[in-house]
Structure formats: C-alpha cells, structure tokens
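**Q** From these two lone chains plus the hints, build me the complex, please.
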Amino acid sequence: MAQMTMIQAITDGLRTELKNDENVLVFGEDVGQNGGVFRATEGLQSEFGEDRVFDTPLAESGIGGLAIGLATQGFRPVPEIQFFGFVYEVMDSISGQMARLRYRSGNTVNMPITIRSPFGGGVHTPEMHADSLEGLMAQQPGLKVVIPSNPYDAKGLIISSIRDNDPVIFLEHMKLYRSFRDEVPEEAYTVELGKANVTRDGKDVTLIAYGAMVQASMKAAEELEKDGIDAEVIDLRTIAPLDVETIVESVKKTGRAVVIQEAQRQAGIASQIVAEIQERAILYLEAPVLRVAAPDTVYAFTQAEEIWLPNHKDIVEKVNAVINY
Amino acid sequence: MTINRHESLGLSDQDVLELYRMMLLARRVDERMWLLNRAGKIPFVVSCQGQEAQQVGAAFALDREKDYTAPYYRDVGVVLALGMTARELMLQAFAKAEDPNSGGRQMPGHFGAKKLRMLSGSSPVTTQVPHAVGIGLAAKIEKKDIVSFVTLGEGSSNQGDFHEGLNFASVHKLPVIVMVENNQYAISIPLKKQVACEKISDRALGYGIPGITVDGNDPLAVYQAVKQAADRARASEGPTLIETVSYRLTPHSSDDDDSVYRNKEEVEEAKKKDGVLTFAQYLRDLNILTDSVESDLEQSLKEEIDQATTYAEAASYAEPKSIYHHVYGE
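Those protein sequence lines, which keep their order, are chains P and W. Going by the working numbering, the first residue of the first sequence is number 1, and it counts up by one from there. Going by the working numbering, the first residue of the second sequence is number 1, and it counts up by one from there.
Each hint should be verified, as a subset may be incorrect.
[To be verified] To give an idea of the chain P side of the interface with chain W (calculated C-beta under 8 Å), a few residues:
| # | residue |
| --- | --- |
| 1 | 89 |
| 2 | 124 |
| 3 | 126 |
| 4 | 223 |
In short, the hints are calculated from the structure, not lab data. For every residue, glycine included, the Cβ atom is placed at its ideal position computed from N, Cα and C.
Next comes chain W alone, as it looks inside the complex (with noise of 0.2 Å):
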C-alpha cells in the first residue's frame, strides 16, 4: 500500500496534483520542442527530461514571490514553476523578439527575467554559482528575508566557479542554495570520469556546510531537501549543496548523438524511473489522479502548448537594425 508522503511535508492533495501538472507541463513543452526542430522550425534543443520532478519539487520550496533564482540550462521545470510560461518558453525557443529572456540573442535554455526575479546565465558553465553568491550577499547587507538558490549540472560542479561561489558563501554565512542536478553525464563524459568522489555532496565538507544527496526523481524528498535549507538560510545559518540524483533521458542536445558514448539498454534502464512516471503512479494509487483528471490534465497542457507554439512561430523576428540599441545606455 502506498503511504501519504506529502501531507506530514504541509503539501494538499491540491498542492501534490498542481506539482505533477508543473511536471508534466516541463516533459510535455520539452517533446514539442524536439518534435519542432526535428521538423525545421526551431533551430536547437537543450533538454531538461528526466530532470522536472527534481526542478519542480525544489522551486515549489521556494517563496515564489521574492525569492531569486539562478537556473541553468535544463531547468524548464524551474522556470515554469516560477512563473514563466509555456508561451515564452516557445518563444524563446523560435528566437522571438518578445522572448523575454533575451529577445532570441542568446542560445535557448539562457533563462533570465527580471520580473521572476531570474538572473540570466552567460554561455561557459557554473558563472551563474558566484552570480547567485552576490544575491545571496546583497540579501544579507541589506538584511532582506529573500533565498538565492542556483542549479548546475554535476559536471559544472567542476568549475572554479563552483569552489570559489560556494567557498564564499560558506565563509559568509550567506542564504545561497546549491542545487546540483547530477544526471550521469557532461555531454558524452560519464561520473566517474568527470569526479573521484563517491558523492557530489560530499564536497560540501570541504566548506563546512551541510551537503546531502537525495533522489531526484522523487519531487517530494527534493521539496523536503530544499524546503529545509531554505529555512537554515532563512535563519542566518548558511548555505546548503544538494544533490539530486537523475538521469539525463535525452541526448546532450538536439545536435549530439548519445549512441556514440552510452548504450540503448542503460537509458532503457532510466526510464524506468523517470519521476513523472513514478510521481504519477504515486498519485494514482492514492486516488488523487484519477482517470478522467489525467487525460482532462493531459488535453489542457497540449492545448496550452498548441496556443503556445503556434503564437511563438507567429512572433516576429527581432528587427535586424535593433542590434545597434542597448550596446550602451542610452
């Protein structure tokens, strides 16, 4: 028998049912980007399946009113959660000029929006730890009650900027996040050739913060994990490093072949635990997901998506003479 694991976290049935709707949304939008660039019409994919369950669990921890956010490049579950919508996600997708991350000028998976209070990325991995330190400092100076909380892949947890953002905020005492999504691969690089370290968390003791490992295809202990360090944070105790576990169900991107690097029967393998598949038996077995919810769930995301991608491809392009504006201040 299935056990209720949400309540005793302070999560509705409601609360539960609107987390698997954010998660599909994230797996649903991702399928229709590769099916548009597979047809010709948007021109590249970096995916985030395998990952929503960790994305959507953690960002549902969040104050999703004040507190900021530096994503990485596979967290469509984290922005849709906070706030973004399917719209500016195919927007962004198809290079728009009312993209409103950046106007269709940066590659897509750049996140950034002020109004969510995002932090938009910048292309080499991990520059967005130390960018994520610097709210976290501010948040303290100016004594604002806000989390800062960044996301990266367990192969950014290699950069300098990884040791010198979470060294900093360490020593600081800062309310800074880190929330590694390992999902087994840096593009073609497996685990264990990008770290000798049994668990990425572990790093954490090389700061003297608390690091845990928790499984990322289960939202709920993801939602338990980061609802916890945000409270440490809260309460002027420092910085956390999590890791959640996954696997990356995807190729790299739209341009890469994973055949050349990892076998059929391995990704077979992960799909068995995919947490959207888990997360919804979990619902179905204790009746919250009934039937006629899934496939009334099911009707409204692809209706959201066909308005979605069909208004994006529609936008308008940037106007060319446009890039001269905004290279100063005006």
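Same shape as in the complex, but just chain P (with noise of 0.2 Å):
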C-alpha cells in the first residue's frame, strides 16, 4: 500500500478507470499536458494519448455540453470544472439537462458522467473560488452529490462515481488536497455511494458532517472526551443520496445530534438533516438538534475567512449546548 494525499489518490482512482474502461475520457480545461490547475490529472494524458484525456477550449457550457453529447453515444465522461464557483457557467448542461434525460427519455438515455471540481474554504482564495455550493447540486433530482473527506474514501469514491450510471458531481475539497497522507490501495476499489462511515464511534451525542469538517468533528470529539463527553462521528461521504438510516440509527443510540456544514447556515445539507431526525427520530430526543454553519453572507474574503469558516471549537460550543439542554 501506498500513502497518498488526496489529490494523489484521485489521480490514482482517475488512472485506474482509464485503464479498466477505455469508454472512460478525462477533459476540461488544463487537464491535459499542464495537468490540471491543481495537478490532479498530472500525467494522465502523456499516459493514455491526447483522445482520453485531453484541453478542452475555455468555456464551462460547451464542456457540459460536449459531456453529454458524449454519453450519448456510450462514453463515461468525466469532465473538471476548473473551480466549483464556475459551476454557475454550466449550470443548464447540469440541472437543466443531464440531471433529467433519463427521466425524459423513459429510462431509454442514461448519463453516466461524473463532474469533478475543487471547492472548499481555508486556502485564502475568495468568494467564486472557494463556495460550498453542494446544497445547490443536491437539491436537483437526477444527480448524486459526493464530497470525500480523506484520501482513502477519495479514490474509492472517485472510481464508485466513474462505474455509476446516473452523473455525479465529485466534489474536492481544496484544503484536504495535499494537507495529510493516507494509506490508499495501489488496485481498483471502490467505497459505495450513498453510504455514510462512522469513524468515530460514541454514545452521548452524534456529530455529522462531510468533506473538511469531518476533521473538524474529529478534534471536537477529542476535546469533548476530556470532559468526559463521548461524541460518535458520521461522515457522509455523499449528501445526495443522504445516507439517513446510519444517521437515524446513531441518534435514537445516543440523543442527541450535532449537525456540521462549512456552506452558508440556509438552505443548507444540514437542514435538511436536521428535519430527518426530528421526523424520523424525536422521541428519542433528549435536545433539539443544532447546527453549526457559515453565516448567511458572501463567501467570505481572506481576512474574515478565519472567522467565518466553523472550526472544531463551535462544535465544542454546540454540543455543549445539547448535553446542557
């Protein structure tokens, strides 16, 4: 087994699908001889020739577009959105089009495409680089939102999204690109989509969160425990499909529930979590479930960021405030 940072880890997933399935093309802006902007596809091209993995001209849209024209005819597209706050450019190709062919067509068409992107605050890059825009993604039937919190899950979930038959959007979250190493396995794997992990298991309070605040959650349930407060921990993996049994579960185990998102407070993944435990779940209840947030504003710029972004101590707060209801 290898160590591998998370970007690597997608590289690898990447290179194991091209490999395994020659329907499989890589494209998007950059992607090709310079690699990618963030080098996740890094010698992807001179490895597998200039017609699976290749530059497409600058223009979101007409990649979206090219994507589904493609799957069309058999292939397994896997498009980069260069950052996930362009995402607005190709909107229409994702909402408007590939999300609802299958349905429109009865089940005769079908997208197999997985459109990855890097997303996620704490690199100093501001508003349109940096936006958690997932809420938006998994609030489109058709689609199936992913967002890998560790390098193992990444690789696992890249190659899940690649072999599924409906489009996924792969979100990448920038600050878990190259931040720590992971044993990965150097053959194919996959890790299911739809299915949440708990990595941390605990019996007074559940915390749920996915991409980077699952390490957030981890270092709050560290701290909790010096206060004798024994926190168990979900990550999602996907958000659309929600995973709602494993949250369920945990929460009619310990009653209580903290729910942990780094996009704004409304509208967001962890309302509606919050709206599955209380419908699901709230006779057991000890407390309400609270949520920890960004607050509703504008991405924020680079000297607010710090502050705006939640961090494992307003986690600390809320769950405090769950045990003390």
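**A** Laid out in structure tokens, this is it:
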C-alpha cells in the first residue's frame, strides 16, 4: 500500500478507471499537458494519449454539453470544472439536461457522467473560488453528490462515481488536497455511494459532517472526551442520496445530535438532516438538534475567512448546548 | 526613415507621448506587482505584459468622458487609461478596504468602478460580453450617444456568452465594440488547440458584422481600428469585432509555470515584438522620446508607483464584520 495525499488518490482513481474502461474520458480546461491547475490529472495525458485525456476550449457550458453528447454515445465522461464557483456557467447542462435525460427519455437514455471540481474554504481564495455549493446540486433530482473527506475514500468514491450510471457531482475540498496522507491500496476498490461512514463510536452525542468538517468534528470529539463527553462522528461521504438510516440509527442511540456544514446556514444539507432526524427519531431526542454552519453572507474575503469558517470550537460549543439542554 | 503615422490619425506628439507614458505605467505597475508577489506581500498577479499597446491604444480611441467599458482581468492598460490610478490598482493587489474595484472581495484583476463607467466582472470568463451588450441596448433605447466597449481573451471567444452577446448586438445594431486580445494562450492551451479558424475576427461573418484583425503590438493600428468602430457605433451601424494579435509575455498568473507547456525560445522571440519597446523606438526615431524625456518619465513613474505601493501596503483591510453588509439592501 502507498501513502497518498487526497489529490494523489484522486489521480490514482482516475488512472485506474482509464485503464479499466476504454470508454472513460477525462477532459477540461488545462487538464492535459498542464495536468490541471491543481495537478489532479498530472501525467494522465502522456499515459493514455490525447484522445482520452484532453484539453477543452475555455468554455464551461461547452464542456457540459460535450459530456452529454459523449454520454449518449456510450462514453463515460469525467469532465473537470476548474473551480466549482464556475459551475454557474454550466448549470443548464447539469441541472437542466444531464440530471433529467433519464426521466425525459423514459429510461432509454442515461448519463454516466462524473463532474469533478475543487471547492471549499481555508486556502485564502476569495468568493467564486471557495464557495460550498453542494446544497445547490443536492436539490436537483437526478444528480448524486459525493464529497470525500480523506485519501482512501476519495479513490474508492471516484471509482464508484465513474462506474455509476447516473451523473455524479464529485466535489474535492481544496484544503484536503494536500493536508495529509493516508494508506491507499494500489488496486481498484470501491466505496459505496450513498453510504455514510461512522468514523468514531460514541454514546453521548452524534456529530454529522462531510468534507473538511469531518476533521473538525474529530478534533471536537477529542476535546469533548477530556470533559467526559463521548461523541460519535458520522462522515456522510455522499450528500445526495443521503444515508438517513445510519444517521437515525446513531441518534436513536445517543439521543442528541449536532450537524456540521462548511456552507452558509440557509437551505443547507444540515437543515435537511435536522428535518430528517425530527421526522424519524423525535421520540428518542433528549434535546433539540443544533447546527454549525457559516453565516449567510457571500463567501468570506481572506481577512474574514478564519472567523467565518466553522471550526472545532464552534462544534464543542453546540455540543455543550445540547448536552446541557 | 520612420514615417510619422500618428499625425494623420489626429494625434499630436503630446498625445502619443501620453499614450506611451500610459503603456509604460501599465508595464511598470505590473512588474512591481510581480516583485511584491515574489516577496510574499501580495497573493496573486495576473498580468498585462505584452498587451499594453492594444489596451492603451484602444482606450485612447474611446470617449473617455462618457463611453462604457467591460474590461477583462488583464486590462491594466485599459483601466489606467480610463482613469484608474496606480494607487487604486495597488489597493486591489493588496486587497485593501479602499480598493475601488471590490474592496478586496474579489480576485485581483476583477476591475469595476461605477465612477469610471466600468462594469464589474465575474470570474467565469466572457460573462462580460452580454453585460456590455445590455449597456448597448440601454443606450439605443435611451438614445444616448455612448459606445459600449468590451474586451476578452481569445480563449474566451469560445464561450457561449461570446456568441450569444455578439449575435444579439448584431441583430439589434447596438453600439458595441468587442475587442479580442489574442495573446496566443488560454492558460496552457495554445491558439491552435483553441480554435480552428485562421483569425478570431473571421467569426464576425457569422454575425454579419465587420471583423478585423490588427497588430496588437502597434497602439496606432489599434487606435485607428477602435476609432472606426466607435464611429460606426455612434452612427447606429452596429457592433464591430476587433482582434488584436500579440503575445502573453508572462505565465498566465503568478501561480502558473509556463515552462510546462511552452519553450523559452518562443517567449524570447515574442519579446522582440513587444509593443512597449517598438513604440518607444518609433517615438525615438521621430525625436519625440528623447533621452532626457525618457529618463524623466521613468523617474516619475517610479515615484508614482513607489507612493502607490507604500500607500496601499499601509492601508487597512476591510473589517471582518463588514462582511455582513450589503448582502441585502439596508
């Protein structure tokens, strides 16, 4: 087994599927010789050739349309959107078209497309380069939305996404790209889409998170342990579809929950999870379910970023509130 | 012998010297930003180097008291010529609260200033084209004698917004000038991998409008082309597509390594045609730029940029709590 950063694990996953299935195509702005602006596709063009790994013109909307055309012809396109803030340019292709073609065509056409894109805060890129827009995607029926929190999951999830027969939005948190390494198997393996992972067992409270907030939650759990509070941590891995079963099962055990998202508070995944818990486990609850989220503003500029982003201290504070309710 | 080409364009010796001063200011500001970036003082630079001649030549052909501009992120020369100051450019480079573009809230190079009739752009490229067309439509409806000038890179001419914007402007004969600054690269992707047509201006045929290609290193050629396009626009004859051909002399940005995708020889070859150098030579040949004028000019630009840098570095960042304002009307 090799030690890999998350971005290396993603590159390795792409390489695995390019080898495994000749219908897999990787393309986007600067993904060829340049290997992507973050180097996620480094070396893939020289290994698989310009027909399978190629640069596109600078046109997000065109990239989305190209993927749709290719998918109708039996390819498995894996386009990259250079920063997820640029997704607005291709929203029509994603939400208006690829998410709906199976439904519209009476199940005669499907869209096995995996759109990869970097997102997320904490690396001093201001608005449009760090926004958490997963809620926007999760609201679109027909799409799956996957957000890995570590290198092992990232490889398994990118392989599962590419093999999936529906469109997947695969969001790669920039802060996690190179922040730590994990043991990552060199062979192909999958991590199931729509299945959460309990990353820490506990009995007093359930922390539910995804992406970079999984690390913050684990750190909060360590601090809470010093005060005798035993927190369980759930890494969602996939936010659409949501693994409600794992969440509810945990909350029934602990009776308390805090839901954490990096995105702004309103209309977020956390709200959705809180609602699911109230609807399915209200008689098990010892306290209201609380949220940790960013304020409802445009994404922070650099000097406000550290204050703006949720962190482990915010989580500890909310946990104390639900414990002492 | 060098022939005087500016007189027939209605430009005095003083005008062309001012034009050169603005080109050189853009170059020197940009160079200073790279130094500041490499010294760890500013986070990011996206450069105008190699495009100053077309940027300043074009801006000089506009009515700088009333025309509107939707610039793109390399347009240091355009925004300086339209009235943005070196100090204001430094404030945006340092992302300080006083930055008139976005108060440090956007990436650098996202120029916008209401007082200069300059539209603020977003980060995905080419969104500015339909915006500029909207200004043109407003001008037509309101019968205002203004021209809407929009710039973009040649890579951006592949965006749907380029087509959608130009098509609308052409159908409605709007007073719009679309200037494509062809610097040969879209980050790492060379022109031949971006487009299959010989010239970007060939695309004008599809819209039924004039499309012309000029040497982007020659500010007088660009001035003439934009002047004619502005005259057409003011005469209600519709938009013009202008392609200015030059070369991006720096990497895409301070975070880019261009040695991955192009070789040094190619860059060195392009530097010989650099408009800042060739136009200086033109002015020297005509004895407009004498040794003493040149050294005074460099000295005054250095002082201007030193002061701008000192001021911007010392200026305050926006208060973090200011993020709560202007999300909605108050």
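**Q** With a cut-off of 8 Å on the beta carbons, see whether residue 126 of chain P makes it to chain W.
**A** With a minimum Cβ separation of about 6 Å from chain W (threshold 8 Å), the hint on residue 126 of chain P holds.
**Q** Return the status of the interface hint for residue 223 of chain P: holds when the least beta-carbon distance to chain W is below 8 Å, violated otherwise.
**A** violated, 25 Å
**Q** So, as I understand it, the hint says residue 124 of chain P touches chain W; can you test that by seeing if any CB pair is closer than 8 Å?
**A** Residue 124 of chain P check passes; min Cβ-Cβ to chain W is 7 Å, inside 8 Å.
**Q** How about residue 89 of chain P: closest beta carbon in chain W under 8 Å, or not?
**A** OK, holds: residue 89 of chain P within 8 Å of chain W, min 4 Å.
Comparing the model with each numbered hint stated earlier shows that hint 4 is the single one that does not hold.
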